[in-house]
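Student: Sequence:
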Amino acid sequence: MFKTLRHLRWIVVLVVIVLCLVTTENIGGEKWQVISELPTGRLAFSTAVVDGKIYLIGGTLFENENGPFGLSTVEVYDPKTNTWRRVADMPTSRAVPATAVVDNKIYVIGGYSGIDRRIVNLKNLDVVEMYDPQTDTWVMKQGMSIPRKQFGVGVVAGKIYAIGGYVHPRDQKPGAPWRIDLVEDYDPATDTWVKRAKMPTKRDGFGVGVVNNHIYAIGGRGWPQVGPGGPFLKVIEEYDPKINRWRQKNEMPALRLSFSTVNFGGAIYLVGGFIWQNRTPQYLATVDVYNPETDEWSDIPPMPIPLIPFSAAVVNGNIYVFGGKGENRERFTSVMVFGMGFRAVEAVGKLSTRWGALKMEHENQP
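Residue numbers (the numbering used here): 190 to 555.
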């Protein structure tokens with residue numbers, strides 16, 4: 190009888206474990222979930238993925254809203270263990286750098302730095318630095334032909350393409366456009382830059398995706414400037430590096446700005462952002478999915494709250510959104526994830542929770 194009771198207990202324990210695992214899988218499937226927090230409260234950083242780990246690079250501290258701008262901090266998030274660690278600082282402190290990965294090495298390109306908000310003290314950068322995760326070391330590389338920020342980057346066939354962006358007036362001829370159509374490719378094998386066919390539309394602050402060895406420039410801000418930062422664009426242009434040619438695609442179905450882009454499964458995901466409505470920003474929770482092959486759009490479930498993501502990345506089919514800015518300039522440090530097959534794990538020092546519960550708890554505080 191005692192043996193039977195012991196066997197029964199073990200069966201109950203196994204059933205409970207199985208039920209917990211099934212529940213965890215259901216929580217992760219097609220739902221957004223908060224799983225961690227940014228170790229450093231910062232914005233204007235960039236992300237790169239190597240060997241299933243996500244690197245957060247550069248940026249500016251929350252408290253430095255009026256300067257100084259630019260960090261050298263690099264932190265690594267491991268989705269498997271839901272843990273963070275800090276690695277070697279980047280030699281050049283900067284905000285809004287672009288990042289690209291070739292042969293498991295991270296190339297950090299451009300961006301800007303400054304001691305305060307005055308234009309005279311803001312400096313765009315042409316600096317390129319390469320980080321090797323295996324050795325935790327940095328190496329200076331050949332810089333771009335002109336300092337710029339808010340440009341797009343795509344990698345095709347081992348080469349890095351730097352596209353468009355914003356150039357400070359003092360870094361070019363008088364009267365030249367601040368938003369540019371310049372395209373350069375960088376070859377890590379030879380450490381050289383080569384100019385390529387210009388993008389048809391001068392712009393900065395746009396999204397970039399790479400699908401089937403073609404680069405897609407999506408939306409952004411055009412030139413000449415109109416009003417508070419416009420004109421705002423729905424234009425999509427496709428670049429084929431093999432033949433060095435651009436062509437226009439169908440426009441975005443709806444305008445959005447300051448969204449993050451990630452590539453997965455032959456599609457480009459536009460995450461969050463905002464639109465102008467009655468001269469005020471209306472933040473977005475929606476995630477639109479662009480299929481370049483069919484030139485069609487779809488969507489996935491929206492994020493639990495409208496925001497401008499600081500950055501986003503994809504690992505194993507899961508979309509990770511790192512922090513963000515919401516209404517009333519509220520800044521979030523939460524890390525959210527969405528994707529099929531994701532198994533939730535307990536964050537270090539913090540139980541994973543649904544964003545809705547976290548937001549409700551925040552709003553109910555006195």
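Check each hint, because a few of them may be wrong.
Claimed, not checked - Cut-off 25 Å, straight-line C-alpha distance, at most; resulting in silico cross-link-like pairs (DSS-like, lysine-lysine): (1) Lys391 to Lys431; (2) Lys330 to Lys312; (3) Lys387 to Lys423; (4) Lys330 to Lys384; (5) Lys391 to Lys362; (6) Lys387 to Lys348; (7) Lys220 to Lys438; (8) Lys348 to Lys391; (9) Lys348 to Lys384; (10) Lys220 to Lys294; (11) Lys242 to Lys362; (12) Lys348 to Lys431; (13) Lys431 to Lys384; (14) Lys362 to Lys423; (15) Lys269 to Lys294; (16) Lys220 to Lys269; (17) Lys387 to Lys431; (18) Lys348 to Lys330; (19) Lys514 to Lys312; (20) Lys423 to Lys330; (21) Lys391 to Lys423; (22) Lys514 to Lys242; (23) Lys312 to Lys242; (24) Lys514 to Lys438; (25) Lys269 to Lys312.
What the hints contain is simulated information worked out from the structure, not anything from laboratory work.
Student: Next pair to validate is lysine 387 with lysine 348; report whether the Cα-Cα distance is within 25 Å.
Tutor: Distance of about 17 Å is within 25 Å: holds.
Student: Does lysine 423 pair with lysine 330 here, judged by a C-alpha cut-off of 25 Å?
Tutor: Cα-Cα ~34 Å, so violated.
Student: Can you confirm whether the C-alpha distance between lysine 220 and lysine 269 stays at or below 25 Å?
Tutor: holds, 18 Å
Student: Do the alpha carbons of lysine 431 and lysine 384 lie within 25 Å of each other, as the hint requires?
Tutor: The given pair, whose Cα atoms are some 14 Å apart, holds under the 25 Å limit.
Student: Is the hinted pair lysine 220 and lysine 438 satisfied, with a Cα-Cα distance of at most 25 Å?
Tutor: Violated, at roughly 31 Å.
Student: Given the hint that lysine 387 pairs with lysine 423, test it: the Cα-Cα distance must not exceed 25 Å.
Tutor: holds, 19 Å
Student: Run the distance test for lysine 348 versus lysine 431: straight-line Cα separation, threshold 25 Å.
Tutor: holds, 11 Å
Student: Holds or violated: are the alpha carbons of lysine 391 and lysine 362 at most 25 Å from each other?
Tutor: With Cα atoms ~16 Å apart, lysine 391 and lysine 362 stay inside 25 Å; holds.
Student: What's the verdict on lysine 387 and lysine 431, does the C-alpha distance respect the 25 Å limit or exceed it?
Tutor: holds, 14 Å
Student: Hint check: lysine 391 vs lysine 431, CA-CA at most 25 Å. Holds or violated?
Tutor: holds, 22 Å
Student: For the pair supplied as a hint, lysine 348 and lysine 384, confirm whether the alpha-carbon distance does not exceed 25 Å.
Tutor: holds, 12 Å
Student: Do the alpha carbons of lysine 514 and lysine 242 lie within 25 Å of each other, as the hint requires?
Tutor: With Cα atoms ~24 Å apart, lysine 514 and lysine 242 stay inside 25 Å; holds.
Checked against the numbered hints above, the structure violates hints 7, 10, 11, 14, 20, 23, 24, 25; every other hint is satisfied.
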